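**Student:** Using the sequences and the hints, build the whole thing.
There are 2 protein chains.
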Amino acid sequence: MQKIDVCLSPDLIHLYDLVGKAVVVVDIFRATSCMVTAFAYGAVEIIPVEDVDVCASHREQGYLISAERNGVTPAGFDFDNSPFSYQVDRVKGAKICVTTTNGTVALRRSVQAAQVFVGAFLNISSVVRALKAWAGDAIVVCAGWKGKPNLEDTLFAGALIDELVGQYSVADDAALMAWKQFNVASSDLITAVKHSSHVNRLLGLGIEKDITFCLERDRYDVLPHLQGDKLVL
Amino acid sequence: MQKIDVCLSPDLIHLYDLVGKAVVVVDIFRATSCMVTAFAYGAVEIIPVEDVDVCASHREQGYLISAERNGVTPAGFDFDNSPFSYQVDRVKGAKICVTTTNGTVALRRSVQAAQVFVGAFLNISSVVRALKAWAGDAIVVCAGWKGKPNLEDTLFAGALIDELVGQYSVADDAALMAWKQFNVASSDLITAVKHSSHVNRLLGLGIEKDITFCLERDRYDVLPHLQGDKLVL
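Those sequence lines, one after another, are chains Z and U.
Under the working numbering, the first residue of the first sequence carries the number 1, and numbering increases by one thereafter.
Under the working numbering, the first residue of the second sequence carries the number 1001, and numbering increases by one thereafter.
Worth flagging that the hints you see were computed from the coordinates, not collected in a lab.
Since we're looking at a predicted model, the values are computed, not measured.
Hints are not guaranteed to be accurate.
Distance ranges between label pairs, derived from CB positions [claimed, not checked]:
hint : chain 1 : residue 1 : chain 2 : residue 2 : range
1    : Z       : Arg201    : U       : Glu1163   : 23 to 31 angstroms
2    : Z       : Asp218    : U       : Lys1230   : 54 to 62 angstroms
3    : Z       : Asp221    : U       : Ala1075   : 57 to 65 angstroms
4    : Z       : Ser169    : U       : Ala1075   : 34 to 42 angstroms
5    : Z       : Glu50     : U       : Arg1059   : 46 to 54 angstroms
6    : Z       : Asp162    : U       : Gly1204   : 25 to 33 angstroms
7    : U       : Gln1167   : Z       : Arg90     : 50 to 58 angstroms
8    : U       : Asp1053   : Z       : Ser169    : 49 to 57 angstroms
9    : U       : Met1001   : Z       : Glu208    : 22 to 30 angstroms
Every residue gets a Cβ at the ideal spot worked out from N, C-alpha and C, and that includes glycine.
**Tutor:** Below is the structure:
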């Protein structure tokens, strides 16, 4: 049987052999939710980069630019890290360069995998379909918060496992714990994440509607994946 | 209110500021369960070291020596990594040098904390009492398995939090998840860990009775703590 594992933080990725595997990178609040939304609104390419200056320099090459550090957006960027900021006409046909505190780090550290998909609750069924069509093992890489595991990415990993059991078996304890965590929380994810420190940090930024939006399942039927250093559909 | 956090793996310890805090190091299967058992049987000192050769060299200095790598004991050592191996007369009054795959690593990486306690289900009430008497914040450092989080250490962290809420608040998502994980499993820990990869690894070594023993609560009323590079009562 195929195996599915969960890496709870990019700081643990050195412990996982990604070669030949399908990786799903997830940063529910809010990088991968934003990326999925951007592609749903017609973006044609997203380049994730780790550095704010590198991101800014992409404007000269015709990219729209998006940056987030510690939940907020530095001045001079086209988008902040809210999925609502991508629901605009100029996203259609756009190439976008993105840097965020956690999500882009997780993406860049996953490059040696055979396939890197961008996952969020917003496109979870698209991810499930891709992993059902995949013949090898899979690893969910949670972006976490500055290296620490977080609840919402772990819940997404558990939700994915919940859809894949039967075809995939749970590889290790982190995956087992994520699955259990999701089973307990699945009937009401919003309440489950209310006590999360990361969510409280975000609520302090006044983005309650982002939280609700990012926990919505299957709003979009798109599956961005990494091709070289770019995300495309 | 005091805060309690959980570091799910020694490979994440760089993300936690241990200075001025009380740390509880836990390696349920089986390093800290063995240490607690050894002190309960009269050991006066345990030196945790990371290297098998360094451990062996302590014999010349009058130490009994104990080593484990990948769940098994190299030839020529006095104890293996079973708590039953310490339930013998010669442990009384002994100084012991120990090296294990995970537990000793977690201990050595926790040295900058103000206090480092050795925790296990076997002595959990002793740990709870110490943390109730402690005035600062606390962090549970889980030994995990070769850097990856594991279920049993996470469950212990959750059990500890469950006893301390009221005096301590949960610091971050890892602690929140550990607590939730324990709440779901608390009525039957043995069944809960049966699907754990680490437990299956250990069951392959034929140590089912160790598993049951290490999940027993409050068999011993001892609290080893780190003093310099040595564990003492």
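**Student:** How does the Cβ-Cβ distance of Asp1053/U and Ser169/Z compare with 49 to 57 angstroms: does it lie in that range?
**Tutor:** violated, 38 angstroms
**Student:** Between Glu50/Z and Arg1059/U, does the C-beta distance stay in 46 to 54 angstroms?
**Tutor:** holds, 49 angstroms
**Student:** So does Asp162/Z sit 25 to 33 angstroms from Gly1204/U, Cβ to Cβ?
**Tutor:** Hint holds: Cβ distance 27 angstroms, inside 25 to 33 angstroms.
**Student:** Please test the hint of 57 to 65 angstroms on the beta carbon pair from Asp221/Z and Ala1075/U.
**Tutor:** Cβ of Asp221/Z to Cβ of Ala1075/U: about 60 angstroms, so the range 57 to 65 angstroms holds.
**Student:** Could you see if the CB distance from Asp218/Z to Lys1230/U stays within 54 to 62 angstroms?
**Tutor:** The hint (54 to 62 angstroms, Cβ to Cβ) holds, given that Asp218/Z and Lys1230/U are roughly 57 angstroms apart.
**Student:** Regarding Arg201/Z and Glu1163/U, is the given constraint of 23 to 31 angstroms on their beta-carbon distance met?
**Tutor:** holds, 27 angstroms
**Student:** Indicate whether the distance between the beta carbons of Met1001/U and Glu208/Z respects the range 22 to 30 angstroms.
**Tutor:** holds, 25 angstroms
**Student:** Within 50 to 58 angstroms: is that where the Cβ-Cβ distance between Gln1167/U and Arg90/Z falls?
**Tutor:** About 53 angstroms separates the Cβ atoms of Gln1167/U and Arg90/Z, which means 50 to 58 angstroms holds.
**Student:** Given the range 34 to 42 angstroms, decide if the beta-carbon distance of Ser169/Z to Ala1075/U lies inside it.
**Tutor:** With a Cβ separation near 35 angstroms, Ser169/Z and Ala1075/U satisfy 34 to 42 angstroms, so the hint holds.
Consistency with the previously given hints fails for number 8 only.
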